[in-house]
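Throw the hints in and build the complete structure from the sequences for me.
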Amino acid sequence: MSTPAAVGLPTEKLTKKALTADHPTWCPGCGDFAVLASFYKMLERRQLPHEKIVTLAGIGCSSRFPYFVNTHGGHFIHGRAVPLASGVSLARPDLHVFLFGGDGDAFSIGGNHLEHGARKNINVTYVIMDNFVYGLTKKQTSPTSPIGFKSKTDPQGAVDQPVNPMKKLVSAGASFVARSHATQVNHMVEMMDRAMQHPGFSVVEILSECVEFYPGAFDAGNPRKGGVFQLIEEKKWDGTPEDEERHDITDEIAAYKLASLPFPGLFGVFYESDRPTKNALEAQWVQSSREKTGGLSALEILQKTFDRMK
Amino acid sequence: MTSESHPVSPQPTTHRADLRPEHICDAVIRLAGNSQDGIQSAGALLARLAGRSDQDVMTYMTIPSTISGGPSLFQVRVGTGEVLSPGDEADFLVAFYQHSYKDNIAFLREGGVLLYDSDHVEPDFDDKRFVYVGIPITGLTVEALGGTAKDKGKNIFVLGLLARIFDFDVEKIKRLLREKFGGKNESVLNTALMAFQAGYAYPVGNVLSTRYKFEVSEDAGGRPQLTMDGNQAIAYGLIAAGVRYGAAYPITPWTTIMETLRAELPKYGGLFVQCEDEIGAVSMALGFSYSGHLAITGSSGPGISLKTEAIGWATMAEMPLIIVNVQRGGPSTGLPTNVEQSDLYQAIYGGHGDSPRVVLAPSNVEDCFYIAIEAARIARTYSTPVFILSDASLATRIQAFDEPDLKSLVVEFLPNLTPRAPGFQPYPLEGLTQHAPPGTPMLGGVYPTVTGLEHDEMGHPTGSPRLHMAMTAKRRNKLQKLAGEIPTPEVFGDPEGEVLLVGWGSTYGPIHEAVKTASEAGESLSALHLRHLNPLPNGLEKIFAKFRRVVVVEMNDQGLYGYGQLASLLRARYCDPKITSLNKTSGLTFRVKEILEGVLK
Chain A
507 MSTPAAVGLP TEKLTKKALT ADHPTWCPGC GDFAVLASFY KMLERRQLPH EKIVTLAGIG
567 CSSRFPYFVN THGGHFIHGR AVPLASGVSL ARPDLHVFLF GGDGDAFSIG GNHLEHGARK
627 NINVTYVIMD NFVYGLTKKQ TSPTSPIGFK SKTDPQGAVD QPVNPMKKLV SAGASFVARS
687 HATQVNHMVE MMDRAMQHPG FSVVEILSEC VEFYPGAFDA GNPRKGGVFQ LIEEKKWDGT
747 PEDEERHDIT DEIAAYKLAS LPFPGLFGVF YESDRPTKNA LEAQWVQSSR EKTGGLSALE
807 ILQKTFDRMK
Chain B
2 MTSESHPVSP QPTTHRADLR PEHICDAVIR LAGNSQDGIQ SAGALLARLA GRSDQDVMTY
62 MTIPSTISGG PSLFQVRVGT GEVLSPGDEA DFLVAFYQHS YKDNIAFLRE GGVLLYDSDH
122 VEPDFDDKRF VYVGIPITGL TVEALGGTAK DKGKNIFVLG LLARIFDFDV EKIKRLLREK
182 FGGKNESVLN TALMAFQAGY AYPVGNVLST RYKFEVSEDA GGRPQLTMDG NQAIAYGLIA
242 AGVRYGAAYP ITPWTTIMET LRAELPKYGG LFVQCEDEIG AVSMALGFSY SGHLAITGSS
302 GPGISLKTEA IGWATMAEMP LIIVNVQRGG PSTGLPTNVE QSDLYQAIYG GHGDSPRVVL
362 APSNVEDCFY IAIEAARIAR TYSTPVFILS DASLATRIQA FDEPDLKSLV VEFLPNLTPR
422 APGFQPYPLE GLTQHAPPGT PMLGGVYPTV TGLEHDEMGH PTGSPRLHMA MTAKRRNKLQ
482 KLAGEIPTPE VFGDPEGEVL LVGWGSTYGP IHEAVKTASE AGESLSALHL RHLNPLPNGL
542 EKIFAKFRRV VVVEMNDQGL YGYGQLASLL RARYCDPKIT SLNKTSGLTF RVKEILEGVL
602 K
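Sequence lines, in order, name chains A and B.
For my numbering, add 506 to where a residue sits in the first sequence, where the first one is 1.
For my numbering, add 1 to where a residue sits in the second sequence, where the first one is 1.
In short, the hints are calculated from the structure, not lab data.
Since the structure is predicted, the reported quantities are computational estimates derived from the model, not experimental observations.
Some hints here could point you the wrong way.
[What the hints assert, rightly or not] List of simulated lysine-lysine pairs, DSS-like, C-alpha gap at most 27 Å:
1) B/268 - A/816
2) A/798 - B/408
3) B/214 - A/810
4) A/810 - B/129
5) B/129 - B/594
6) B/214 - A/816
Written out as structure tokens, the structure is:
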């Protein structure tokens, strides 16, 4: 269904100031601050029309995101933000739909929705701030907590195998899958930007430290703490011998292999495919249905249907 | 059926093709077979035929939840004038199998006609109450159609027999067959026409001494009649109301609504999505609504339980949403293909916290169409979730009703994206919420948030005791405002007297027929039917005051304290001890005589 465009409005430059809303409720030192700052930067770079940006979230520390961004936004229930965002995206192709949440929201309570949002390849950009712990409820085991992690619900250490986000997303059918680290602002901006420009279900998992309940979790990926932030080298298709060694982002198996590397693994784009979105496929069906009805009004179409029921 | 019939021998004796038809006003025809015999489609064709002939018609069907096999029945009541219920007793029973005969013969009235497949059924001829008409339906169908179709087509053969017996308009039936089977390959249609012709040509006059003809309806020449079932009526009502988006998950008996909307909405530029589960479906529907397109989700009891948390969000975020619950027997998986009205509490109260929502219930198939329009109007005006409580009996019941005046009903809505002035608030304490959907320029530069957290007028979280009280009152007050604009329903029958029956939903027909029957017998019995259940319309207490007893008739349990779900609500609201309950929990609709016996005992 078409949506009338707003006309005659002053176009102001989209600045961080214009995008800032409530002061974040996160703990000092939380990795999510840097994710928020990177999101502002990406929006400043892209200069999308302010009113066309939608920021949605489920429940969790990171899911407070929409209150801190001055755009149209919604704070939904735990784990169900993917279908909410899918509804917005399918009905309103004019909008840029951004979704934010944590590992519990995405991989635990919302796991089924993530799976099907990815499978349907709905056009949304999903930033998952993964801290390997439940923070809002104060230190319980999360679906990404490593085995042995001691939490209030696993005082002897977690025993369940954690979700591998990259593998899960690639196997579910997400068409853009990337990974970043909350200490690397430029990399986050780049990943979010590519995700936003990708038509389809695009996900960026960002390792974002919970300084309160899992401090030091991601030091191994942080050079300032003696770790290594190693990027994926993507194929340039230049025919050089060194290109042979580089990662083909359209290769699912290669993405799996990368995702199997020991922690902290690599960062960057694991997988991207250009398969059609549900948005496009449904729009085609709507268009062909409209062509068959030959531009009749709703009243005329319904009248014709009723004439057959007499 | 008002004729006198005489028992005849099961064997053809004399040729009676010259019989003159007897005129009747009302007939209940029950077809009993197995679920794969296509008796539903034969029954539906009969119903559609009646609708096209300006007869009033109502059907009743049961299908086992198994896909193939198991007993199944379809009952059509065709009448000249208003038909309110599918009928307590059958005038005519068509039995395909011995079990169909055994299970349904008690339902045939004395003097009624048993038409049975003599290839499968051996009736008890010592029982002299019925007229026995044995016809080798299976053998004749196989003979007419040749070997490959086996006995498929028995249903259409029987339709031919009935067309002969009731003097139906053959051309109209053939046209219906063409519409039903014409889309498939030619041979399917030809087979159907051959089966029909074979049934119609059978010399039924040899075995049945009477033929019948319906009186011409007084309404003939008025508005044309539409024939459809309740689920179709809800789907088309939503379309008329400008609802263009929805999402759901399949569950019996809700599913046919989503099938209809999935196929129809793209023609109108809209979309219906089958989701991964019930929670995903309600969430996606809320996404559609938030985007500015009022959306619909729906299910049956168990699925509604799953959607409950998100419906609470809709109350808190003040997001318009239509939720259809086609009720079935519960709790849990319960009785998936039977009828019950036991989800009223769930619709009104199902959720944590104080979460007021609107609950409506259609009273018959025609009302399914109009209640959908009412639901959309309320959802948009009050920016609130609205339940439509239908049930399994309405879902599959086929009724004929006057064609709606679409010109005055069909509306189109686009998201309202006009720029909002500085100071716009999504949740004003004074005034109704009307959201600014995403895409709306905010001229003051401040963008709204919709949220399930308690919030201030801009939609930002707050733990303020004052604001929680004020916002709780805001969500409650808007439904009180709605109550003030709902018309007080009118009493059917005398406006004062001994007993007032109060009903809601699909019990409308049998309750009203009970009032008619009692009035004819000189008893004082009236009825009040509620379409708006939450909030209730104002002024009911004045109506109750005119009666000595108020009996709430509903298909749910009497509960721990002796009162059904609506009866408990009415007693809580009016503190009136004369409100009592008449309940039924068999999974079957009320019979008229059950109501009369229950009330007048």
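So, against the hints stated earlier in the document, which numbers end up violated here? Result: hints 3, 4 break, sorted rising.
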